[in-house]
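Quick note on numbering: the sequence shown equals residues -25 to -1, 1 to 294 in mature numbering (1 follows the signal peptide of the UniProt record, and there is no 0).
Hints listed in this document are in silico derivations from the structure and should not be mistaken for laboratory results. Accuracy of the hints is not assured; some may be wrong.
To be verified - Below, a list of computed lysine-lysine pairs in the DSBU-like style, where the Cα atoms sit at most 30 angstroms apart:
#1 75 / 139
#2 216 / 138
#3 72 / 154
#4 138 / 157
#5 72 / 145
#6 210 / 104
#7 145 / 169
#8 145 / 157
#9 154 / 104
#10 32 / 72
#11 139 / 210
#12 145 / 210
#13 173 / 110
#14 75 / 138
#15 157 / 72
#16 138 / 169
#17 169 / 199
#18 110 / 210
#19 216 / 104
#20 139 / 169
#21 199 / 216
Unchecked claim - Cβ-Cβ distance ranges computed for the label pairs, FRET-style:
#22 270 / 75: 56 to 62 angstroms
#23 251 / 130: 50 to 56 angstroms
#24 179 / 244: 23 to 29 angstroms
#25 293 / 256: 52 to 58 angstroms
#26 191 / 245: 20 to 26 angstroms
#27 172 / 152: 16 to 22 angstroms
Cβ atoms here follow ideal geometry from the backbone N, Cα and C, with glycine treated the same way.
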Amino acid sequence: MNPFKKLLTYFMAFMVLGIGGRAFANQLNSTRPPNLGNYDWIGSSFEGLAKVELSGKYGYVDDTGQLIIEPIYEQAGAFGEGLAPVRDNHKWGFIDKTGKLIIPHRYESVGVLNSGFIDGLVRVGLNGKYGLIDKTGQEVIPPIYEQTHAFFSENLLRVQLNKKWGFIDKNNNVIIPIKYDKVSIFEYGLAMVKLNNKYGFIDKTGQEVIPITYNYISDFGFSKNGAVQVSLNNKWGFIDKNNNIVIPIEYDFIMGSFDDELIAVQVNDKWGFINAKNEMVIPLLYDYANGFYDGLARVEMNGKKFYINEQGNYVKDFE
C-alpha cells in the first residue's frame, strides 16, 4: 500500500472506527508556499496549488504565490488527481486547476477531512449515506452505506450497513457478507475481522485463515517481518499470517511493532524491550515505556520521564 493510503487508513481507523490512528494531513507530496502577507492562512501545496484563506473564504495560489483561484469558497480541500473539493452554500463539489466546476455542489461531505480523489475515485456523503464517485461525477458505488472506506484495497471496499461491516467489489456486488462488527482493509490478501467480540483474519473469499478466537488483534496489521500483535486470555504476543506463534502470548502488555527493531513489553508492572527472537535486549526496569520511533523510546522510572536508545542508554529528558 502506498504511504498516503496507509496514513489515510490509519486516520480513518481513528475517525470512523475509533481504533487508533495517525494524522496524515500535510505529510506527503506537499510543499510549503512562500509566506504571503495578504492572506489570513496558507496551507501546504499539493500538485502545485496551495489553499489560502482570506476573510473567511478559500481559494488557491501556486508555488510562487500567484493567485490562481479566487477565495470565494466556504471551505476547500487539497488538489488530488487534478481536482479539488470546494464547498459552496453548504454543499461540496469539485473544481479543476483553472477553477472550473467539474462536479456540481451537491454533497454533504467528501473524502476524509475533505481529501480528494484516490485511484480515480472519491468517497462522498449524501443524505447521511456514503458511496464513491468517479472524476466525471458518476456514481461507482451508490451512496447507500452508513460508512465506506475512502478507497478500494485489493479491489475490495469495506462498507457498513445496518451497523455491520463487509466487502463489496467495484460493481457494488457483496463479495464478503456484511455481518462483521469490525473489519480492516485487505493487505497481503488478508483482512482482520471482529465477530461476537472475537478477532481473526479472513481471505478474499471470506474464509477464515486465522480463526476468530482472539480477544484483540492490532489495527495496524502485519509488520515488515510478517507478524501481528494479538491478545488471548489477557496476555499479549505475536502471530504470523499462518497463525504460528512468533512471540509467545505471555506478556501483560505490548507497545510497538516489529517495524522497529525492538518492542516494549510489560511483565508484572515493569517494562523492558525484546527483539524479534523474543530475547530481552533491555531489561524489565521501567515503570512505563513506549515503542521505539526514530531510534528512541520514551520511558519512565521513579517518576522521571526520559528517552533511551536501542542499547538502553539514556539520551535526554522528556520535555
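These are the hints, each one checked on the structure:
The hinted pair formed by residue 75 and residue 139 fails the criterion: a straight-line CA distance of about 39 angstroms is larger than 30 angstroms. For the hint linking residue 216 to residue 138, the alpha-carbon distance of about 28 angstroms falls within 30 angstroms, and the restraint holds. At roughly 42 angstroms between alpha-carbon atoms, residue 72 and residue 154 are farther apart than 30 angstroms, so this suggested pair is violated. Distance hint between residue 138 and residue 157 is fulfilled; the C-alpha atoms sit about 9 angstroms from each other, no more than 30 angstroms.
Using a Cα cut-off of 30 angstroms, the hinted pair residue 72 and residue 145 holds, with the two alpha carbons roughly 28 angstroms apart. Using a Cα cut-off of 30 angstroms, the hinted pair residue 210 and residue 104 is violated, with the two alpha carbons roughly 39 angstroms apart. Using a Cα cut-off of 30 angstroms, the hinted pair residue 145 and residue 169 holds, with the two alpha carbons roughly 24 angstroms apart. Distance check on the hinted pair: residue 145 and residue 157 sit about 21 angstroms apart at the alpha-carbon level, within 30 angstroms; holds.
A threshold of 30 angstroms between alpha carbons decides the hint, and for residue 154 with residue 104 the separation of about 18 angstroms falls inside it, so the pair holds. Taking the CA atoms of residue 32 and residue 72, the gap is near 17 angstroms; set against the 30 angstroms cutoff, the hint holds. The straight-line distance between the Cα atoms of residue 139 and residue 210 is roughly 28 angstroms, inside the 30 angstroms bound, and the hint therefore holds. The straight-line distance between the Cα atoms of residue 145 and residue 210 is roughly 40 angstroms, outside the 30 angstroms bound, and the hint therefore fails.
About 39 angstroms separates the Cα atoms of residue 173 and residue 110, which puts this hinted pair outside 30 angstroms; it is violated. Of the pairs offered as hints, the one joining residue 75 and residue 138 is violated, with about 38 angstroms between alpha carbons and a cut-off of 30 angstroms exceeded. Distance hint between residue 157 and residue 72 is unfulfilled; the C-alpha atoms sit about 38 angstroms from each other, more than 30 angstroms. Of the supplied pair hints, the one linking residue 138 and residue 169 holds, its CA atoms being roughly 13 angstroms apart against a limit of 30 angstroms.
Distance check on the hinted pair: residue 169 and residue 199 sit about 23 angstroms apart at the alpha-carbon level, within 30 angstroms; holds. Proposed proximity of residue 110 and residue 210 is contradicted: the alpha carbons are some 48 angstroms apart, above 30 angstroms. Between residue 216 and residue 104 the alpha-carbon distance is near 34 angstroms, which puts this suggested pair outside the 30 angstroms criterion. For the suggested pair residue 139 and residue 169, the alpha carbons sit about 10 angstroms apart, so the restraint of at most 30 angstroms is met.
Distance check on the hinted pair: residue 199 and residue 216 sit about 12 angstroms apart at the alpha-carbon level, within 30 angstroms; holds. At roughly 48 angstroms, the beta-carbon separation of residue 270 and residue 75 lies outside the given 56 to 62 angstroms, and the hint is violated. Under the hint 50 to 56 angstroms, the C-beta atoms of residue 251 and residue 130, about 32 angstroms apart, miss the expected range. Range check, residue 179 to residue 244: about 42 angstroms between beta-carbon atoms, so the 23 to 29 angstroms window is missed.
Remark: the range hint 52 to 58 angstroms for residue 293 to residue 256 is contradicted by a beta-carbon distance near 21 angstroms. At roughly 22 angstroms, the beta-carbon separation of residue 191 and residue 245 lies within the given 20 to 26 angstroms, and the hint holds. As the Cβ distance of residue 172 to residue 152 is approximately 18 angstroms, the hint placing it in 16 to 22 angstroms holds.
Hints 1, 3, 6, 12, 13, 14, 15, 18, 19, 22, 23, 24 and 25, counting from the list given before, are not met by this structure.
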